[in-house]
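Chains as they are written, first to last, in numbering that gives the first Met the number 0: chain A, 0 to 329; chain B, 0 to 329.
In short, the hints are calculated from the structure, not lab data. Warning: the hint list may mix true and false statements.
With a cut-off of at most 30 Å between alpha-carbon atoms, the simulated DSBU-like pairs for lysine-lysine come out as follows [as the list claims (entries may be wrong)]: (1) B:Lys-23 x A:Lys-82; (2) B:Lys-130 x A:Lys-49; (3) B:Lys-23 x B:Lys-82; (4) A:Lys-276 x B:Lys-82; (5) A:Lys-311 x B:Lys-49; (6) B:Lys-140 x A:Lys-82; (7) B:Lys-186 x A:Lys-276; (8) B:Lys-276 x A:Lys-276; (9) A:Lys-55 x B:Lys-49; (10) A:Lys-186 x B:Lys-82; (11) A:Lys-55 x A:Lys-34; (12) A:Lys-55 x B:Lys-23; (13) A:Lys-140 x B:Lys-311; (14) A:Lys-49 x B:Lys-314; (15) B:Lys-23 x A:Lys-140; (16) B:Lys-34 x A:Lys-82; (17) B:Lys-140 x A:Lys-23; (18) B:Lys-55 x A:Lys-55; (19) B:Lys-55 x A:Lys-49; (20) B:Lys-311 x A:Lys-23; (21) B:Lys-55 x A:Lys-140; (22) A:Lys-49 x B:Lys-276; (23) B:Lys-276 x A:Lys-82.
Here are the simulated distance ranges between beta carbons [claimed, not checked]: (24) B:Glu-112 x A:Arg-8: 19 to 25 Å; (25) B:Ser-226 x A:Glu-199: 55 to 61 Å; (26) A:Leu-312 x B:Ile-304: 49 to 55 Å; (27) A:Ala-136 x B:Arg-262: 57 to 63 Å; (28) A:Lys-314 x B:Lys-314: 34 to 40 Å; (29) B:Ser-226 x A:Lys-314: 38 to 44 Å.
Short, incomplete list of chain A residues facing chain B, as computed with Cβ under 10 Å [said to hold, decoys possible]: (30) Pro-52; (31) Arg-86; (32) Asp-90; (33) Val-110; (34) Ser-115; (35) Arg-116; (36) Gly-120; (37) Asp-214.
Glycine included, each C-beta is placed from N, C-alpha and C at the ideal position.
Protein chains: 2
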Amino acid sequence: MKKTAPTLRDVAAASNVSIATVSKYINGTQRFSSKVEAAIDAAIAGLGYKSNPLAKSMITGRTDTIGLSVLDITNPHFSSILKGAQRVANDHGLSVLVVDTEENPNRERRVLEDLSRRVDGMIVASRLPEKDMGWMADIDKPLVFFGSLAELPLPTVASDDHGGAFMLTQHLRMLGHKRIAYLGFSKSRRDEERLGGIRECLGAAGLPLVVFNADSPSMLEGERLCSSIILGANPPDALICYNDLMALGFMKEAASLGVSVPRDISVVGFDNIPYGKYVTPALTTVDLQSERMGASAMEKLLAVIRGEDVDKLTKIAPQLVLRASTQPRT
Amino acid sequence: MKKTAPTLRDVAAASNVSIATVSKYINGTQRFSSKVEAAIDAAIAGLGYKSNPLAKSMITGRTDTIGLSVLDITNPHFSSILKGAQRVANDHGLSVLVVDTEENPNRERRVLEDLSRRVDGMIVASRLPEKDMGWMADIDKPLVFFGSLAELPLPTVASDDHGGAFMLTQHLRMLGHKRIAYLGFSKSRRDEERLGGIRECLGAAGLPLVVFNADSPSMLEGERLCSSIILGANPPDALICYNDLMALGFMKEAASLGVSVPRDISVVGFDNIPYGKYVTPALTTVDLQSERMGASAMEKLLAVIRGEDVDKLTKIAPQLVLRASTQPRT
DNA sequence: CTGTTAGCGCTTTCAA
DNA sequence: TTGAAAGCGCTAACAG
Chain A
0 MKKTAPTLRD VAAASNVSIA TVSKYINGTQ RFSSKVEAAI DAAIAGLGYK SNPLAKSMIT
60 GRTDTIGLSV LDITNPHFSS ILKGAQRVAN DHGLSVLVVD TEENPNRERR VLEDLSRRVD
120 GMIVASRLPE KDMGWMADID KPLVFFGSLA ELPLPTVASD DHGGAFMLTQ HLRMLGHKRI
180 AYLGFSKSRR DEERLGGIRE CLGAAGLPLV VFNADSPSML EGERLCSSII LGANPPDALI
240 CYNDLMALGF MKEAASLGVS VPRDISVVGF DNIPYGKYVT PALTTVDLQS ERMGASAMEK
300 LLAVIRGEDV DKLTKIAPQL VLRASTQPRT
Chain B
0 MKKTAPTLRD VAAASNVSIA TVSKYINGTQ RFSSKVEAAI DAAIAGLGYK SNPLAKSMIT
60 GRTDTIGLSV LDITNPHFSS ILKGAQRVAN DHGLSVLVVD TEENPNRERR VLEDLSRRVD
120 GMIVASRLPE KDMGWMADID KPLVFFGSLA ELPLPTVASD DHGGAFMLTQ HLRMLGHKRI
180 AYLGFSKSRR DEERLGGIRE CLGAAGLPLV VFNADSPSML EGERLCSSII LGANPPDALI
240 CYNDLMALGF MKEAASLGVS VPRDISVVGF DNIPYGKYVT PALTTVDLQS ERMGASAMEK
300 LLAVIRGEDV DKLTKIAPQL VLRASTQPRT
């Protein structure tokens, strides 16, 4: 509506003080005589002045914005992470700039280097193998990474995927399952950790593991691979899916193929997305605490920004959630 | 790693040309002799120079960032909107700054006024009644709004909620349902439109409508209200839910109460979230094309930013999606 | 083709 | 308590 938004200068003029005075007063850097402060307040109100955050940022070097890079925002795991991160950011007066790399590792570098110039720090979920991530440590901005890193000196927040997988497998073993299969997603770094946990548990029991692999961590892939898993010669009596989405897809397709979950096959997943509770049968899963992970990552990042020392790795304990998709064998 | 990031000045010095030349070359505003261009390229590479977008923004007034305000990012309707918006933004080299107002209308104004200073334009979903939205039109930034507006001169993108609701109701009528109920969410502006569509259809047939109301558009609310809906004296034989989330919650609870969907009661929702297809029975719904809405809103906003004339209202046609949660009465 | 010169709106010494 | 002045890193006329 106004031609040009009012600037500090306008406020200064209107209140008959210097521009520096207004700046300091607004930022609470300094107090002034009540006369002056009142005049400034009046001018601000009168002009409808709003500070220009860009100009401020250029000087202070702070943008009050945190970047968050996720692999697919429609995946409930990531929208929960965003929720948690967002909440903490809000509590500190910060905004969140989200980028969705759409499961495309090639985009990541450009996108993140770009992002790094517009934010005070970033939180990133990546599909890159650690050896292709060197550049991340060179980005000159505080960064918190999801997942554990062997070499790279980056602070991280990770769920205990190995432990969670072990737990899940143990649960299946105790239920009496003997032919366990894993429907994995090898492009993910977490896949091998989960596989490791499963193998460790199964190895101790001398049980074999059949592994399938999906091209994307989606319901559609769960559906697509279902028939090849359950209509083979020696089908598994329990299936561990890389995530809940795949498990949901699998269960739906199994039902239409006339295979009953959990009677014919027990199914489990990872993440504990809300929808797992609403399908039939409800899905047994490992709660990786997505929202809390997002919040923890943000808190950690803020600590880094403040210059505090933080642990390299924040581990978040997973929790097994038992539901009807798993059933004892007799 | 470096003390101070290299600036344009450093590049200019290193390549023995003026700072203006470098600026123009980088922005492709102008071409120079290959000698000069080569020198600049070398200097940039050597120093690892990256343009400071903040400084640039301050001058150009453009941030290359679009703000998107949603009511709850974990609601698949909104994460799909974000997905669509994000995709279009990316195609144009823009970022998306997301804010989640958490279904809290009181936060909206502050959050949006704040956001408006950091972006080139914004797309907003709001729970505010139109009469409390006047300030939005005063924000001095291009803005596209979700939903239709009677008075406010804001460009909008809306699904045809009235039409969608009519469709859905018509479908139920043709299936032979006589006792139709609506589980609404009156805080939403779209609620009345849907209610209107339902009423119009039912009125024509001389059928009554019972209305229930939820406090939040969530699965939990669907669950919570289920018993009071189906265990009353004269329970409905069909229920239209404000959205799919509520329908999912309702169906789960109905099952545990021993009421069968669709045998005892048909259930339908709005949005066509992906999960509706994976529950049992699969949910009949109206596809509001969330992702496309996000994309359309972004496209429209970009047009506004470019200064083009745009229609006030972009209407997106809903599509009925028939699944097993609705069944003919006999 | 290339360079000079003003600033953008704000913060921040440093003086008064 | 206040203000003057020097920029932050960059773009945009305007000259040459």
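We went through each hint and held it up to the structure:
For the hint linking Lys-23 of chain B to Lys-82 of chain A, the alpha-carbon distance of about 41 Å lies beyond 30 Å, and the restraint is violated. Distance hint between Lys-130 of chain B and Lys-49 of chain A is fulfilled; the C-alpha atoms sit about 24 Å from each other, no more than 30 Å. A C-alpha spacing of about 34 Å is found between Lys-23 of chain B and Lys-82 of chain B, which places the hinted pair above 30 Å, so the restraint is violated. Only pairs whose Cα atoms come within 30 Å are accepted, and Lys-276 of chain A paired with Lys-82 of chain B is accepted, the gap being roughly 25 Å.
At most 30 Å may separate the alpha-carbon atoms for a hinted pair to count; Lys-311 of chain A and Lys-49 of chain B meet this at roughly 28 Å. With a C-alpha separation of about 26 Å, the suggested pair Lys-140 of chain B and Lys-82 of chain A falls inside the 30 Å cut-off, and the hint holds. A hinted pair counts as satisfied when its Cα atoms are at most 30 Å apart, and Lys-186 of chain B with Lys-276 of chain A qualifies at roughly 26 Å. Between Lys-276 of chain B and Lys-276 of chain A the CA atoms are separated by roughly 14 Å; this keeps the pair inside 30 Å, and the hint holds.
About 20 Å separates the Cα atoms of Lys-55 of chain A and Lys-49 of chain B, which keeps this hinted pair within 30 Å; it holds. Distance hint between Lys-186 of chain A and Lys-82 of chain B is fulfilled; the C-alpha atoms sit about 22 Å from each other, no more than 30 Å. Proposed proximity of Lys-55 of chain A and Lys-34 of chain A is supported: the alpha carbons are some 26 Å apart, at most 30 Å. The hinted pair formed by Lys-55 of chain A and Lys-23 of chain B meets the criterion: a straight-line CA distance of about 25 Å does not exceed 30 Å.
With a C-alpha separation of about 42 Å, the suggested pairing of Lys-140 of chain A with Lys-311 of chain B is violated against the 30 Å cut-off. Proposed proximity of Lys-49 of chain A and Lys-314 of chain B is contradicted: the alpha carbons are some 35 Å apart, above 30 Å. A C-alpha spacing of about 27 Å is found between Lys-23 of chain B and Lys-140 of chain A, which places the hinted pair at or below 30 Å, so the restraint holds. For the proposed pair Lys-34 of chain B and Lys-82 of chain A, the alpha carbon gap of about 51 Å is over 30 Å, so the pair is violated.
Of the supplied pair hints, the one linking Lys-140 of chain B and Lys-23 of chain A holds, its CA atoms being roughly 27 Å apart against a limit of 30 Å. With a CA separation close to 13 Å, the supplied pair Lys-55 of chain B and Lys-55 of chain A stays within the 30 Å bound. Between the alpha carbons of Lys-55 of chain B and Lys-49 of chain A the distance comes to roughly 20 Å, so the proposed pair stays at or under 30 Å and holds. At roughly 43 Å between alpha-carbon atoms, Lys-311 of chain B and Lys-23 of chain A are farther apart than 30 Å, so this suggested pair is violated.
Straight-line distance between C-alpha atoms of Lys-55 of chain B and Lys-140 of chain A comes to about 19 Å, which keeps the hinted pair within the 30 Å bound. Of the supplied pair hints, the one linking Lys-49 of chain A and Lys-276 of chain B is violated, its CA atoms being roughly 48 Å apart against a limit of 30 Å. A C-alpha spacing of about 25 Å is found between Lys-276 of chain B and Lys-82 of chain A, which places the hinted pair at or below 30 Å, so the restraint holds. Checked against the given bound of 19 to 25 Å, the beta carbons of Glu-112 of chain B and Arg-8 of chain A, roughly 21 Å apart, stay inside it.
Between Ser-226 of chain B and Glu-199 of chain A the beta carbons are some 45 Å apart, a value that contradicts the proposed interval 55 to 61 Å. A beta carbon spacing of about 43 Å between Leu-312 of chain A and Ile-304 of chain B contradicts the range 49 to 55 Å that was offered as a hint. As the Cβ distance of Ala-136 of chain A to Arg-262 of chain B is approximately 60 Å, the hint placing it in 57 to 63 Å holds. Between Lys-314 of chain A and Lys-314 of chain B the Cβ separation comes to about 50 Å, which falls outside the hinted range of 34 to 40 Å.
Between Ser-226 of chain B and Lys-314 of chain A the C-beta distance comes to about 41 Å, which sits within the given range of 38 to 44 Å. Because the beta carbon of Pro-52 of chain A sits about 5 Å from the nearest beta carbon in chain B, less than 10 Å, this interface hint is met. The criterion of a C-beta within 10 Å of any C-beta in chain B is met by Arg-86 of chain A, whose closest approach is roughly 8 Å, and the hint holds. Hint on Asp-90 of chain A is violated. Least Cβ distance to chain B is approximately 12 Å, over the 10 Å limit.
Interface restraint check for Val-110 of chain A: the shortest CB-CB distance to chain B comes to about 9 Å, inside 10 Å, so the restraint holds. Nearest Cβ of chain B to the Cβ of Ser-115 of chain A: about 8 Å, under the 10 Å cut. The hint holds. Satisfaction of the interface hint for Arg-116 of chain A is found here, the shortest Cβ-Cβ separation to chain B being roughly 5 Å, below the 10 Å cut-off. A distance limit of 10 Å between C-beta atoms decides the matter here; for Gly-120 of chain A the minimum to chain B is near 15 Å, and the interface restraint is violated.
Taking 10 Å as the C-beta cut-off, the interface hint given for Asp-214 of chain A is violated, the closest approach to chain B being about 18 Å.
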